[in-house]
Every structure is written in C-alpha cells, then in structure tokens.
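Novice: Okay, here's what each chain looks like letter by letter:
There are 2 protein chains.
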Amino acid sequence: MFHLQRNVYLDNNATTRVTPHVARAMSAVLKRRFGNPSSLYRIGRDAAAVVEDARQVVATTIHAEPDEIVFTGSATEANNQVLTVLTDIHYPTRRKIVSTPIEHPSVMATLAHLEGRGVSVEFLPVDRLGRVVLAALDAAIDTNTFLVCCMLANNELGTIQDVVQVTRTAHARGVTVLSDCVQALGKMPIDVRALGIDYATFSAHKLHGPKGVGAVFVRRGAPFRAFLHGGHQEAGMRAGTEGVHNIAGFAAACRALPTVLPRMGETARRTQLLADELRRLKPDIVINSPQQGCLPNTLSVTFPDVTNTVLMAALDLYGVAVSAGSACSAGETKPSHVLKAIGLSDDAAHQTIRFSLAEDTSVKDLRYVLRVLRDHLDGKTPAIRALRASQVDHHFLFDDANYILDVRFWHERKLLKGLPNSHEASFVSFKKYVHHVPRNKHVLVVCMGGVDAIPIAYALKSKRCDNVSFLLGGVVGWRIAQPDLYARYAGTNVTAIEPRAPRRARPRLPP
Amino acid sequence: MFHLQRNVYLDNNATTRVTPHVARAMSAVLKRRFGNPSSLYRIGRDAAAVVEDARQVVATTIHAEPDEIVFTGSATEANNQVLTVLTDIHYPTRRKIVSTPIEHPSVMATLAHLEGRGVSVEFLPVDRLGRVVLAALDAAIDTNTFLVCCMLANNELGTIQDVVQVTRTAHARGVTVLSDCVQALGKMPIDVRALGIDYATFSAHKLHGPKGVGAVFVRRGAPFRAFLHGGHQEAGMRAGTEGVHNIAGFAAACRALPTVLPRMGETARRTQLLADELRRLKPDIVINSPQQGCLPNTLSVTFPDVTNTVLMAALDLYGVAVSAGSACSAGETKPSHVLKAIGLSDDAAHQTIRFSLAEDTSVKDLRYVLRVLRDHLDGKTPAIRALRASQVDHHFLFDDANYILDVRFWHERKLLKGLPNSHEASFVSFKKYVHHVPRNKHVLVVCMGGVDAIPIAYALKSKRCDNVSFLLGGVVGWRIAQPDLYARYAGTNVTAIEPRAPRRARPRLPP
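Chain order of the listed sequences is W and E. For the first sequence, the working numbering assigns the number 511 to the last residue and increments by one with no breaks. For the second sequence, the working numbering assigns the number 1511 to the last residue and increments by one with no breaks.
In short, the hints are calculated from the structure, not lab data. Among the hints, erroneous ones may be present.
[Unchecked claim] Estimated spans, in silico, between C-beta atoms of each pair:
1) W/Lys414 x E/Arg1032: 25 to 35 Å
2) E/Ala1401 x W/Arg263: 30 to 40 Å
3) W/Gln5 x E/Arg1032: 16 to 26 Å
4) W/Asp393 x E/Tyr1091: 46 to 56 Å
5) E/Leu1415 x W/Lys414: 47 to 57 Å
6) W/Pro438 x E/Thr1259: 48 to 58 Å
7) W/Pro382 x E/Arg1168: 57 to 67 Å
[Stated by the list, open to error] Coverage of chain E stretches by chain W, computed from C-beta distances (three or more under 8 Å per stretch; other residues unrestricted):
8) 1092–1106
9) 1163–1171
10) 1302–1316
11) 1381–1393
12) 1427–1438
Owing to the predicted nature of the structure, the values given are computational and were not obtained by experimental measurement. All C-beta atoms in this analysis are idealised placements derived from N, C-alpha and C, irrespective of residue type, glycine included.
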C-alpha cells in the first residue's frame, strides 16, 4: 500500500483548518475594510465597527461583556500579558503564583521568566490522568500569593480541570484566577461567569479561525494594564494597529460554534471508537487521557516499544497527521513536560502519540488511520534504519557510498558545526532539493536532535530513495559520542545543496 | 456639490489598501497551508516553508540575511521587544537611551515605560522641519548609554533622518542603534548594511500588506532575546504560532516593491503638485514637511484659522480621507507630540493636516481634493456649529428641542458619566442608529474630547439632519466648565439608542 490514499488530519489541538466561511469573512474585510480603526473618517470607522462587532461576538461566546475582551496577537501574547502585568501590579508586595505543572509552554516559559524576576511559583500535583489535585490548592495559597493559574483543558491529554473549584478556593483566600482556555474554546461550552474566573485567554486558530489573533477576558473590575506600549487601541490595554481581518476571522469562527458544539457528542463517540480499536490492535497500549472529564476530541496513547517520532513519520507518509507529543527544542529532544508530570518515564513519553480529531473527522477517516497503523505495527510499512552515533565513525564519514543530508534549521547550524562531507538542505523545502539526493547511495539524514530527520527520511523513501537512514540523537548526540571527530572534522567539506532563492519581483504562491 | 463623487484615500501613512495580489497570496495560504509550522509532518513543513520563504523575501528587500529577520505580531511589538530586551540586557550596568522627540508612539510609550523602570532617556533636539540635530548626538552619548534610537522616516512629516551619520557616531562610542523603519519601507529603498544599523523594525500594513504582522531586523551578532515567552518559534526569539498567512502577505507586499519603488519619483511630483496648489488656494499655509530629504508621499500642512478636525470631517463627507494629525487619547485631545517638537503652537498643531499619497494616487484625485478644499475654505460645504461648554447649560440640557447624541467609546463611558438626557450610541456603528436620530430637533453630538463628534456630526448632516452641532471639548471640557451641572445631573436619564446586536449563528460580512 505504498501510495497516499487519504489525507486525515488528526492534529487539531496543534492547529485547525480555516473553514471557508472564516476565510471569506477575512477576505471581505481585507478588501473592503482596510482602514485603520483609529482613524476618525468613515473608512476608519468602518474598520473599527468590524472590531467592535467581533468583540461582541467573542464576548457572547464566552458569556462575557464586550468591554471585558481585549484582542491580542496570539494566546501566547495573552498569557504573557496577564502573567507579566499582574506581577508588575503585585510585586514585590505579593510575590507568589500557584500553578500546575501541565500548563501550556506560553505559561510555563513566562512563569520561568518571572521566577528570574523574583516571583516564586508553586506547582500543584497532578494525578496519572492529568487532573490537578485541588485538595492541595488551599495549602499552596499563602498571604504572599497573588494569582492562581490553572488551564481549563489540557492540550496534550484533553483533561478538563475543575476550574469552578479552583476559583472558589482561590477567591475564598482573596486571590485572583487566570485560566488558559485556549484548548477548550470550540470543543466545550465556556461560561466565564459560571467558572468564576478573573482572567482567561483564547486563541482563534484552535477553532478553525486564523493564526495570529488571541484574546484576553478581563473580568470587570479586575486590574489590568497594557503589555505592549504605544497607541491607545483596545481601550489602552493593547497597543498596535488591530489585525482587523484576523479579528473578524476570530468572530466568524465563534459564530459557527452554536452549530459546532452540539456535534461534540458525536466527536466524543468517534474518539472512543478510535481508543477501542487501538486497544484491539495493540492490547498493551496505555491511554493517558481520562475517560471522563476530557475534551471530546483528544486521545493521548502510549504505544510500548514504538518510537513516537518514527510512528508519526510513518503515518505522515500515508497522509495521516498526528502529534508525537514532544516539544523539539533547538538541540535536544526533551520528553513532554506534561507526560513527565503525570508520571510517564522518558521512554513512555517518547512512545506517546496524541490524536486530536475535528468535528468533521469521519469513521472512514479513522478506519483508514487504523489500517495504516496496523500495517506499521505489522512491519508492512517501509522501515527506516536508525544509526547510532557510534556507527557514524571515521570510516562511515569518508566512505563515498554514503551521502549525508543535514536538514537542520539555520538557527541550529549557528549552534553546532555539521558533519564532515555533509550536504545542507532546508528541512522545510524538501520538494526543492529532493532531486539532488542521489538514489544510488546510502543516504543518512541528520538533524539537530534526531527527530526532524525522521519525516525527511520517510519522505525520501517515498521518492524512491531506497537506502535511507537517520542519525539517532542528531548532531548533538554525535558530538557527544564522537568528540574527537567533531573537533577535527566538523564543518569541513560541507556543501549547501539548496541554493538561496533569487529575489522575485512578481508574487507567487509559496511552495 | 452635496454628493459623494469620488473616494480619495490620502492617509497611506496610517494604513494602506491591501493589494489584490497580497490578498490572493494570503487566501491561498489560509486555504492550502493551514498547518502549524512547528509540526514535523508534511502539512506542518509546508507551512514552515511559507514562513522561511517569506523570511528570505523580507530579508532580501532590506539587504539583510534571512537569519537576521524575526517576525512579530506588529511593529509596535517589534519596537517594544527591542527596547525592552536591550534594557533587560544592559540594565543596571548601563541605563541610558538617546532618542528623538518625534519617534512613533510605540517607541515613545515604551521609553516612558522603561523610564519607570529606571532607564534615563535623553531626546535630541529637532529643527523646524523635523530633522534631528545630529551635532548634539555625540555629546548626548555617555558611558552609561547603551542605545541610540532614531527612526528612519517620520510618519507625520515624512522627514528622513541621516541614520548613516547616527550609526557612525554611535558606533564610534560603542553604542548600538535601533531605527524604526516602519514608515520608510515601501516608500524608499532600505539597505540595513549601508545604514549600519543594529536593529530595525518594520510593518507590513504600511506597504499594502496585512495588519498584524511586523518584523525586527537583528544584525548578526547583535544580542537579542525573546520578549514573548513560550514556544521555540522564530529561532527562540518570538514565541507563538506564526501567523503564516499574514507573514506570506508581508512577503507578497515586499515582492511588489521592485515595481513600486521606481514609481516614487512620480509620487513625489504629485505631492509637490498638491503643495503648490494648496499654496495657490491659501497663500498663508505653512508646509511642515521638508522639501528635501522627505518621503515622496507625505505632506504636512498647517491651515491658519482652520480647525483640522473640522476640515478632516468635511473632507470625509466628500469621500476624502486625510489625517488630522492629532492623537486623540481617552479624555483629551492632545496636540501631536511631533508637531509640538518642531515648534508648532497648540493652535497651529490643531490646524495641521497630513496628506499621505499612495503610488496610485492620480492627478485627478488631487484635483478633486483641491476642489473640495476650496469649497470648504470658501464656506460652500455644510457648516457644523461648534457649541462651547458654557452654552450647554441647564436651559439647553432640559430643552426638549435639543437632542444630545453621545458617541463616546464604551471605555470612555467608564471614565465619565454622560450629559443628562443624552442618547448613547456607538461611534463606530453610525449606520445602525442614524435612523433613530430625530430630524426635527437640534442635535448636539458629544464625544469625550471634542474630536470624534465632528465626523459624526458631518455624517448626520449628510443624512438630512440639518440642525446639528458638536460640543467643543467634549464631556471632559463640559465637566470642567459646568462642575455643578455635572455633579447634579450627569448620568441621569441616559438612554442607549443602539440595542446590543443579538448573537448570530451564521456568519455575515460585518457592517
């Protein structure tokens, strides 16, 4: 079955397809509402009306008032703003934030940044299914605490937290609550009043809206300030000319929710079907998502003895997109902090795949995915060899029968030199250089940490590059395993096989 | 001539019309490149390729390398990032920034914010035409100074600074340079190498690209850090899922520049034509933009004895969009800090209009604008009466022949109570409430500071509301002039004439 038969996108927690009606709303604004909303003449007022209309829609969606919504450039910005601004307000009088160890990276990284400024952060414990142990909350709050930060639904597991209980406990102690609702919006009803939260953050691109627009809910009366300084946009709470088309796209995505949300029961049944069939396929799988209190579309599964990045790449070869659940940061492949927090070993985390369905994912889609998965587990899909760093020795490097393809990103190349005799090409523009790669050699695909190389190796395999493998641990691992070779040869005889694109005067669709 | 005959948009320094090829490029990405660029499978790689392709195009446009470009959510964010991050790096070892008093609000406000953190800012003097007195630069730099911040071209005047000289002087003293190039890009060639700058900021929506995307140029080797914390996007320099379609739109706008820039000589001649004809029309005008060393499209003109906001609103009535050049912030109408810095009196600043042409502004467009202007100066356009706060007394307020329309923004209404017996309506959704306003009464339009009311009053006049006036100084001025009336009656018998829009399940074009 070495042929792409179907495209099934099961990574809707990473981002979603923009629906045609959202794209149309955005396109209409781009064409007909191009004014600057701060301008007083008609063209400006018309653009401002789009923004205010969208504010109304987004507010209604979460049961808030329009004056409680601040549009931002992303949910990451929104989380940065709330956490930083509240620190500015309270520090150094109060200096403690209570949070959970399974928050989104935009919360985790901002908390780490604020710790550098003197804030102390206490993380509540979570159980094996990612449920925050709220019994520990009251004890964690002291007179120093100014904020409790707890997401509504976890992006990797789907676990929904009891935020009502969080706010009840926090408010009883006079502490405000921020809830990152990014992953929840579009998959479950959200009522900020019922939740009792003071601040909440949202992103459009998780609910079939555009990337590059988010929002903060700020309860009336809750203190707030600008994080980006400049103009008086967003009632002085967020400077910068509004991305009017993106804001309109956000609203269009929200307008669809009254028809989308009632279908979530069906989505939950599909997710359950997938879980059941996976268990039939491989009885030793471990499902990390909770059965109850979980987003209807999210399923985190550990496949013992299966490397998730290899499985992800193999599925990709057949048009199936899933998440390997690990954040690959420059230079190293860390296991997901969420999976670690719920008690998975590093090995188990590296064997975990996240499936996240859309409301239009069909049973047929899932049957196809299960078939590809079965073939892969049965060894019927093309196998890619993994070379250990110790195997890439002097003999290998200088053997003309080997062709080393280095697909690291440009910023990674600044950190470490490449393997000798390697050929540098961009990870992202595979189509541009695939024809340069010789078919009669053994091709070793090399990346920074050993993850990015895998999909490229699979893609090469699909293009009749039969003898292909990838380097376990990437250049980072190789340097550690072969310090002498690195010191002596790294960076020598490195060729860039993809020439820089010449400047084009005329527009064209990006590749 | 009480009929809209032509739409002439002469506020291209505020924002620009998105060109069809930019909109098409964005639309293609929205439809076909919806993946998350951080995802490793093909759909993600394809989205990442769009971003990297755009990075190449933007870099080439300013003669930089792709690894020197960091995409942001706006130029405001870009300016916030450079200023804040450099302060984080240097403070408290070095704590001084040298800048100019005519920077964009996103620089001015961030500098003010940093002053609150202990940074000292020295502003260089500027001359009558907005040219920074660079002779003062060397003396302003001391051993404490870590940054010189000087824009390339001023947004209100068009004045181009000698940034080469700025970098030469600053670098001789070991100080790095940030140049806000937002208003310059698209109107003049930019070569960051020739300028010698270390950091530069850009915005797509000033060159017919989308709103909501900017970029920072960071010279190789210049220190830099993330300002938004979270994911590892943009080589770790800017967290948050990339607005891929916006970034593609930015690149598409840049791709057009090789054909746009050669037309700027023609644009400069049109701008000169406008200046010459304005002087013929009203010989006592003062042109604030320099004749030499100015953006080809920008003309700042002071019209003695003409209130700029009234002129702006009158032109708007005839489809002509210009900027009144004053930043109207909540509650008060401050004269532009740029015009004040070059020595204009408050009165002169409130008589100043900025015309900013596009490359497709035609001579016919300008002739039309000049005709409307002449009619206005000759008193042939409809006149709107301006009422002083002292005239709005007890008798006026309770006279049933008067109808008070309060068009303040929702956030302004939180700051001050409204006039008694007033009718509240949204500034931005004029079309929704225009039919509620009685034609047989004297309508007084009231806003926060006296500016926003004017275009609404003119718009009402164009809708057969013959007896209309506006309140000078707005609610702010009225409270000062009538403290007893404010204390006793403000907020009483206030009606909202525009009902809140009901939630709509189906998408539609915003009004």
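Novice: W/Pro382 and E/Arg1168, beta-carbon distance inside 57 to 67 Å?
Specialist: holds (59 Å)
Novice: Is the hinted range of 30 to 40 Å satisfied by the C-beta distance from E/Ala1401 to W/Arg263?
Specialist: Hint violated: Cβ distance 56 Å, outside 30 to 40 Å.
Novice: Are there three or more residues in the region 1427–1438 of chain E whose C-beta lies within less than 8 Å of some C-beta in chain W?
Specialist: It holds: at least three residues are needed, and the region 1427–1438 of chain E offers 4 whose Cβ sits within less than 8 Å of chain W.
Novice: Go check the region 1381–1393 of chain E versus chain W for me, would you? Three or more residues, Cβ under 8 Å, otherwise it fails.
Specialist: It is violated: at least three residues are needed, and the region 1381–1393 of chain E offers just 0 whose Cβ sits closer than 8 Å to chain W.
Novice: Closer than 8 Å Cβ to Cβ for three or more residues is the test here. Does the region 1092–1106 of chain E pass it with chain W?
Specialist: Since 3 is at least three, the answer is holds.
Novice: For the hint 47 to 57 Å, verify it against the beta carbon of E/Leu1415 and that of W/Lys414.
Specialist: Given range 47 to 57 Å: holds, Cβ gap about 50 Å.
Novice: Indicate whether the distance between the beta carbons of W/Asp393 and E/Tyr1091 respects the range 46 to 56 Å.
Specialist: The hinted range 46 to 56 Å holds for W/Asp393 and E/Tyr1091, with Cβ atoms some 49 Å apart.
Novice: Apply the coverage criterion to the region 1302–1316 of chain E and chain W: a residue qualifies when its Cβ sits closer than 8 Å to a Cβ of the chain, and three qualifying residues are needed.
Specialist: Our answer is that it holds, as 5 residues pass the Cβ test (under 8 Å) against chain W, meeting three.
Novice: Kindly confirm whether 48 to 58 Å is satisfied by the beta carbon distance between W/Pro438 and E/Thr1259.
Specialist: violated (40 Å)
Novice: Between W/Gln5 and E/Arg1032, does the beta-carbon spacing fit 16 to 26 Å?
Specialist: holds (20 Å)
Novice: Three residues or more, CB to CB closer than 8 Å: is that satisfied between the region 1163–1171 of chain E and chain W?
Specialist: This one is violated; 0 residues, fewer than the three required, reach chain W with a Cβ under 8 Å.
Novice: Indicate whether the distance between the beta carbons of W/Lys414 and E/Arg1032 respects the range 25 to 35 Å.
Specialist: Holds - the Cβ-Cβ distance for W/Lys414 and E/Arg1032, about 31 Å, lies within 25 to 35 Å.
Checked against the numbered hints given earlier, this structure breaks hints 2, 6, 9, 11; the rest are met.
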